[in-house]
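Just so you know, the sequences run in chain order W and X.
39 is the number that our numbering gives to position 27 of the first sequence; each next residue is one higher, with no gaps.
105 is the number that our numbering gives to position 101 of the second sequence; each next residue is one higher, with no gaps.
Misleading hints may appear alongside valid ones.
In silico lysine-lysine, DSSO-like type, Cα no more than 27 Å apart, as pairs [said to hold, decoys possible]: (1) X:K95 to W:K183; (2) X:K134 to X:K207; (3) X:K58 to W:K183; (4) X:K58 to X:K42; (5) X:K42 to W:K183; (6) X:K207 to X:K138; (7) X:K95 to W:K112; (8) X:K178 to X:K138; (9) X:K58 to W:K112.
What the hints contain is simulated information worked out from the structure, not anything from laboratory work.
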Amino acid sequence: MTTALTPSMLLQRERELIRRGVDRCPLPQFLMWTAPWFALLVFGCYAAWLCLSQGLFHTNMDNQYAFGLWIFLDLAVIALGAGAFFTGFLLYVARKQEMKAVINSAVVIGLVCYSGAVAVLMVDVGQPLRAWFTFWHPNVHSMLTEVTFCITAYLTVLLIEYLPVALKNRKLCRVTRYAVFEYELHRLMVVFALLGAFLSFFHQGSLGGLYGVLRGRPFAFREGFGIWPSTFFLFIVSAAAVGPSFIALTTWITEKLSGHRLVEGRVYDTLARISGKILLVYVALKAADTLVWMNATAPARGFAARGFYETQPFGTWILLAEIGVFGLLPGWLLVSRRARASRAVLLCGAALACAGVALNRFVMTIQTLALPTLPFERPAQYWPSWQEAGTFLAVIAFGVLVYSFSFRYLTLFPQERELAFGGEKE
Amino acid sequence: MFPWVYGFEWTAGRIVFLGIFFSVLLVMFLTVAFVFLKSAVHFRTGRAYFIQWKSLFHELPRASRACRHALTGHLPGRVCEGAFECRECSKHGELLEQGREAAIGAGAEEIMGMTVPLDRYYHRGHCWVKPLKKGLVAVGLDELGRRLVGRPDAVETPPPGTWLVANSTAFWVKRNGTAVRVLAPVDGEVIAAGGPSDDWILKVRPPAPLDTRHLLRGDEVRAWYRREVERLELIAGRADGAPALADGGELCADLGEAFPERWDAVCGEMLLDT
Numbered sequence: 013m014t015t016a017l018t019p020s021m022l023l024q025r026e027r028e029l030i031r032r033g034v035d036r037c038p039l040p041q042f043l044m045w046t047a048p049w050f051a052l053l054v055f056g057c058y059a060a061w062l063c064l065s066q067g068l069f070h071t072n073m074d075n076q077y078a079f080g081l082w083i084f085l086d087l088a089v090i091a092l093g094a095g096a097f098f099t100g101f102l103l104y105v106a107r108k109q110e111m112k113a114v115i116n117s118a119v120v121i122g123l124v125c126y127s128g129a130v131a132v133l134m135v136d137v138g139q140p141l142r143a144w145f146t147f148w149h150p151n152v153h154s155m156l157t158e159v160t161f162c163i164t165a166y167l168t169v170l171l172i173e174y175l176p177v178a179l180k181n182r183k184l185c186r187v188t189r190y191a192v193f194e195y196e197l198h199r200l201m202v203v204f205a206l207l208g209a210f211l212s213f214f215h216q217g218s219l220g221g222l223y224g225v226l227r228g229r230p231f232a233f234r235e236g237f238g239i240w241p242s243t244f245f246l247f248i249v250s251a252a253a254v255g256p257s258f259i260a261l262t263t264w265i266t267e268k269l270s271g272h273r274l275v276e277g278r279v280y281d282t283l284a285r286i287s288g289k290i291l292l293v294y295v296a297l298k299a300a301d302t303l304v305w306m307n308a309t310a311p312a313r314g315f316a317a318r319g320f321y322e323t324q325p326f327g328t329w330i331l332l333a334e335i336g337v338f339g340l341l342p343g344w345l346l347v348s349r350r351a352r353a354s355r356a357v358l359l360c361g362a363a364l365a366c367a368g369v370a371l372n373r374f375v376m377t378i379q380t381l382a383l384p385t386l387p388f389e390r391p392a393q394y395w396p397s398w399q400e401a402g403t404f405l406a407v408i409a410f411g412v413l414v415y416s417f418s419f420r421y422l423t424l425f426p427q428e429r430e431l432a433f434g435g436e437k438e
Numbered sequence: 005m006f007p008w009v010y011g012f013e014w015t016a017g018r019i020v021f022l023g024i025f026f027s028v029l030l031v032m033f034l035t036v037a038f039v040f041l042k043s044a045v046h047f048r049t050g051r052a053y054f055i056q057w058k059s060l061f062h063e064l065p066r067a068s069r070a071c072r073h074a075l076t077g078h079l080p081g082r083v084c085e086g087a088f089e090c091r092e093c094s095k096h097g098e099l100l101e102q103g104r105e106a107a108i109g110a111g112a113e114e115i116m117g118m119t120v121p122l123d124r125y126y127h128r129g130h131c132w133v134k135p136l137k138k139g140l141v142a143v144g145l146d147e148l149g150r151r152l153v154g155r156p157d158a159v160e161t162p163p164p165g166t167w168l169v170a171n172s173t174a175f176w177v178k179r180n181g182t183a184v185r186v187l188a189p190v191d192g193e194v195i196a197a198g199g200p201s202d203d204w205i206l207k208v209r210p211p212a213p214l215d216t217r218h219l220l221r222g223d224e225v226r227a228w229y230r231r232e233v234e235r236l237e238l239i240a241g242r243a244d245g246a247p248a249l250a251d252g253g254e255l256c257a258d259l260g261e262a263f264p265e266r267w268d269a270v271c272g273e274m275l276l277d278t
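Isolated chain X (complex conformation) (with noise of 0.2 Å):
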């Protein structure tokens, strides 16, 4: 095998015979070496939490994935392949620049028997996020979101001064043993966690200037429940074995109690935790 071993002979036959073979070793070598070299760039660059949302956002349905410009009918069918990460998404800014850009409300609406307020930005994991003075955001679960997480057992916040990142892991929600990740809708410091009386769950120092063009507003934020109640009623449907059809009724206050069985895996889905 080598030079210096009993029986190696310089033959053509040889050289060509190990040289292929040491080539094969080597190319996978060098292949496993750039992806842990690459990794590690990726965690020095601070890119490594978007790089496992990423990861993980293909593996979503393509349900799950519809571009937010497709909810509004601008681009029908199109499904988001950039980890619904609209910063860095050239087909959004083209939108932007054609002034297709949603404008955030004000007060309240009833969407299919929920109420939501349009004077925030929506998370697609079903998070809001509410400007506050002092450059701090709220951050909390809409009406959807609530009735999905129903009564948890716990809900595990990071401590202040966690710095969180954008659509990597906000908070955890507890029940019936099971745990589901809830995203975290911007980058920022953990400032406070809400108590169970808070209609807000944390209080963050994003950067400044706040940006939030990731994020759903008015406009995009009707299409975007409808959808999404749509979505739960397909999910829970199959949870429950049977097709299920909207019937003109209201969704319960807690879903959990609907579907104490199959908790995890439709709270799991609607709030984009694979």
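Just chain W, with the same shape it has in the complex (with noise of 0.2 Å):
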């Protein structure tokens, strides 16, 4: 005989699956919370559908307009997923042990980032049949296969990676199999950390190098170092940058939403410090590679840098916006010990650097593809349909929902129960 499920006996074990001594909302709080993004998730996949089965007419790409709003997302995603790889390099490889409060949460978002960026790949090609052929048939002379192969490959790390936080789960660890494989794959996380970082610095510089190979577009063509053209580089230091400052956002926006210290307050700060260090090495890298394709790099081209400037919207200003605003200043917030000692600037400053890496690949997609390359062309026009929103805002949802359901019932922020004791060091 069986007995029925009463809604309070659900709950009841709902609760029995989160972490003992930290506090969660109620399960229909939780579910309330889900829902729009749930809603959010079928809206986006319906729409990646329509692509998927029906082509991608249903998007407003065209052949002058081959990156769009999806590629956008996927170059900011990844670069904002950098935080998992470098948070990972920082604990297992620089030892940097102030990284255990939050590279469980490190790890989330880099799976949710990659996953997404992967997910939205797959509808971008348009041929989900076929998207094996990229390995099949590799052309080992694309910086797009160096691209596939290590996102794939980086994926497969961080789902390895996502294992270990996942078997921690209260239910899971009480299973004497699980938590044995968990403890030893634990104890060889800086293989993973190591492949991590292998692979990101690979293929965050070839999204860079992507761009600054392309001798038809001027305005991204870049010169390099062998067969990497500058932007290789300045893709991997940027995306190092705001890696960390997107933990520390995160773990902010966390923090506020359940209400609960997740964090130690030295955990902001070395994030921050960290991040405005190399942020600012970052700006300065960019200010010269300017200098060198405004001086040098265009002009042998035949076009002067200021003309790539002179169509609207994309005045001189973005370029300011992209060293100053959203370069310079964050990368001094974060480095100034009294200016990091406010919460709230040291996080308007990881803030401004998140939106910098945003628009830095804004400009790199969308601007170079508008730029008009021919005199007698017109600068090209591009608004994503609501197909390449829904599968856009699919991918935010998909986050979202991960990051929720990770966050609830597995331990994202290890000093989350011993700060409830109050058991902060300083």
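Both chains are given apart, each in its own frame, so use the hints to dock them into the complex.
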């Protein structure tokens, strides 16, 4: 005879999945929070299905505007998701023990960003049944092939890194087999951290290199070192710079939404300091690269750099904003000890840094393709279709849902329970 | 991708690119395979339960992981990293060689309003171990543990013949639809389970001679008990939504009644069940 599952029993069983000693909102409240995101996900999946089943005519991309909202999204989330590999690198290789407090969250963010990026790429390629061709018949001279291989491999690494986090669930960790596997896997996490750093280095770089080698697009084309244009290195450095900022930002948002302290104050400080230092290096490199491009690369190809900024709305303001407002300013805010001392200023710096990398990816994707390259061409116009926007929103919804469920049922912030004791040591 | 696939050419670029890719895949595969292998070895050598406990132990808050020598003041502030497995701890061995071993006492003592018999050994999960005749030991919940558990709906004990491993599950205490695991203080075979009127819960036959190096005794118990009551005040204060201060009163007999909603959290944390 089976006992009927009453609502109170269901709530009780659900409660038993949540880590002991941490507070989470009641299940109905949690479901209310997830409902709109689920709705958005369903809507986005429908939009993606239209593109996959009927073709890319549902998008507003064409032969001139082959990269649109999706590629911008890919580039932005992959840069923001760099916090996963960089935090792993800092913890397991550079032995920054403070990173323990956010490593699980960073892994989930990385997983969300990369799985979202891969999903959107599948839709963007538009031939899901032939997606495997890129592996089976690789064009090893293409930056995109490198990106595809690295992202796929890194997504596998992230899934493996997510396993120990998932197996630490209150119910799962009581199964001896899972607990032992988790323990041993965790001990070898340094291998995956190194693999992640290696793969991220190349695919972040290749994404930048992809634009740098566009000889037909002098706004993006750059000289470089060997086979790698300067954008290859700029993308790596910028991703490493904003990764920690994005981790700090998401941690703070989670703290506000959950109403609990999740990490010690010094964790924010360390993330901000590292992010700020790398950001300043990036700004210096970016400024030098822009000067070389303005004075050597573009003129050598018969273009005056100022001409690229005569097409509205892409005036010089966008360059100044990228380097100044979203580069130098957050870099200084994050590096300065006095500025960092204020949590609001620190988070403002982190938000500006994240917005800056998104702007950079926007410039590289949208502005590059919008600018005319021949004298008789007019600036290209592009506005995403609702199917493109829907797919974009589905990725955001997917990310929020995966993170929300992970936060509820897994230990994303190991210090949370200890902080509830009032155990901060600073 | 492979030499037999249409379009493959033996060029340097292809060999380098695919070589790196396959190396990455190989490293991933070998690492995961090694983890599986290592896990299997732990099961074969009987260390799986200890590994499980070790994994869970590091989830405990620092306050719950204080070293026994920190409690007595010999190593102030030291936090245990060895899952309370003093039998494998070199520092504990060193201190024993220096003659810092606490001796088992006799009789009982009132500590913070609770009667604590000193003629037995204590596990950090609030179980005691009392040697009996014929190589058996009795295992029961100490006074603080009993007050934490209060009047449970059920105590789920393992059937006779079950082999217990120290720090794995000894028995479950169920109340209000939730269950809290009580850790086994010693290795051994379960001989009998006690009834509601018994002060012991299990009778166990441990391997001879009885190894109690990881268990607290004598002076250590006094210091640990005081610390545990402080820890309980902190946890209970948090459960109640406000910090609780000691007011000189005694702990009530059934803490489950004081925190019906948070019994699981309070009891679980005190009994080291993550």
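| Is the straight-line distance between the alpha-carbon of K58 of chain X and that of K42 of chain X 27 Å or less? | 15 Å, holds
| request: Below or equal to 27 Å on CA atoms is what counts here, so check K95 of chain X against K112 of chain W. | output: 26 Å, holds
| query | Taken at face value, is the distance from the CA of K183 of chain W to the CA of K58 of chain X at most 27 Å? | reply | Distance of about 16 Å is within 27 Å: holds.
| said: Need the status of pair K178 of chain X, K138 of chain X: alpha-carbon distance at most 27 Å? | reply: 32 Å, violated
| message | With the threshold set at 27 Å, check whether the alpha-carbon distance from K58 of chain X to K112 of chain W stays at or below it. | response | Roughly 18 Å between the alpha carbons, so the hint for K58 of chain X and K112 of chain W holds.
| query | Taking only the CA atoms, is the gap from K207 of chain X to K138 of chain X under or equal to 27 Å? | reply | 11 Å, holds
| query | Would the pair K134 of chain X and K207 of chain X pass a check requiring their Cα atoms to be no farther apart than 27 Å? | reply | 10 Å, holds
| query | Going straight from one Cα to the other, do K42 of chain X and K183 of chain W come out at no more than 27 Å? | reply | 23 Å, holds
| request: Starting from K95 of chain X, check that the Cα of K183 of chain W is at most 27 Å away, please. | output: Roughly 34 Å between the alpha carbons, so the hint for K95 of chain X and K183 of chain W is violated.
Hints 1, 8 from the earlier list are contradicted by this structure; the remaining hints agree with it.
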